[in-house]
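So the chains spell out like this:
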Amino acid sequence: DVQLVESGGGLVQPGGSLRLSCAASGFTFSDHYMDWVRQVPGKGLEWVGRSRNNRHSYTTEYAASVKGRFIISRDDSKNSLYLQMNSLKTEDTAVYYCTRGRREDPDGDFDYWGQGTPVTVSS
Amino acid sequence: DIQLTQSPSSLSASVGDRVTITCRASQAIRHDLGWCQQKPGKAPKRLIYGASTLQSGVPSRFSGSGSGTEFTLTINSLQPEDFATYYCLHYNSYPLTFGGGTKVEIK
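Protein chains in written order, with my numbering: chain X, 980 to 1102; chain W, 962 to 1068.
Just chain X, same shape as in the assembly (with noise of 0.2 Å):
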């Protein structure tokens, strides 16, 4: 079965940084593209950010509200994604998730989902 398993989340003070990771298993992680999806508490969904696969370079994209402070990573060997947050505001305290994404074809974009992890920015 696939499974996404988020960690890291935490309270974090504004400016500072802080690191997610996403274990997953259940499938072939190098296969997929894989996305980080964040909801501020009792609103709606974000997407913040996508590796790509290996046969597409590891190559990312970011929201435009998060680019140039987080920088989404990978590591195959250890079936891990990552998302390493910096320059942190009170804006981007919000439960993240993890999610799979396509091997190829688009359809299967956020087919599996982890159970979050909540990130809490303030002083």
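Simulated from the structure, these hints should not be mistaken for lab results. Computed from a predicted structure; not experimentally measured. A couple of the hints might just be wrong.
Just some of the chain W residues that point at chain X, by a computed CB distance under 8 Å [unchecked claim]: (1) Gly-995; (2) Pro-1001; (3) Ala-1004.
For every residue, glycine included, the Cβ atom is placed at its ideal position computed from N, Cα and C.
Assemble chain W onto chain X, guided by the hints.
Same frame as chain X, now just chain W:
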């Protein structure tokens, strides 16, 4: 950026009702649209992809239709476990975006 506008933002319905939720895209996105269901305190779960293809394991009372800029999610014979928030999402171009959500509540 492609904006997705869902309507209504909330609705009240009874068990057994038919419910229809609409998602309008600000630009044509072919069939590059999915629907997710989220229950309180839980992660979203994909129900439909490619605008109309049911995810494996999802009950057949859920259906999706549309292409281009206008899409609908229909739930036939609403069940107690269907009370949740529903989101449309597109994967046509970057940035990927979600609709604002539709909360389906018990009447």
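To see whether the hints hold, each was checked on the structure:
1. Gly-995: Status holds, d = 6 Å.
2. Pro-1001: violated (10 Å)
3. Ala-1004: It holds, given that the least Cβ distance between W/Ala-1004 and chain X is near 4 Å, below 8 Å.
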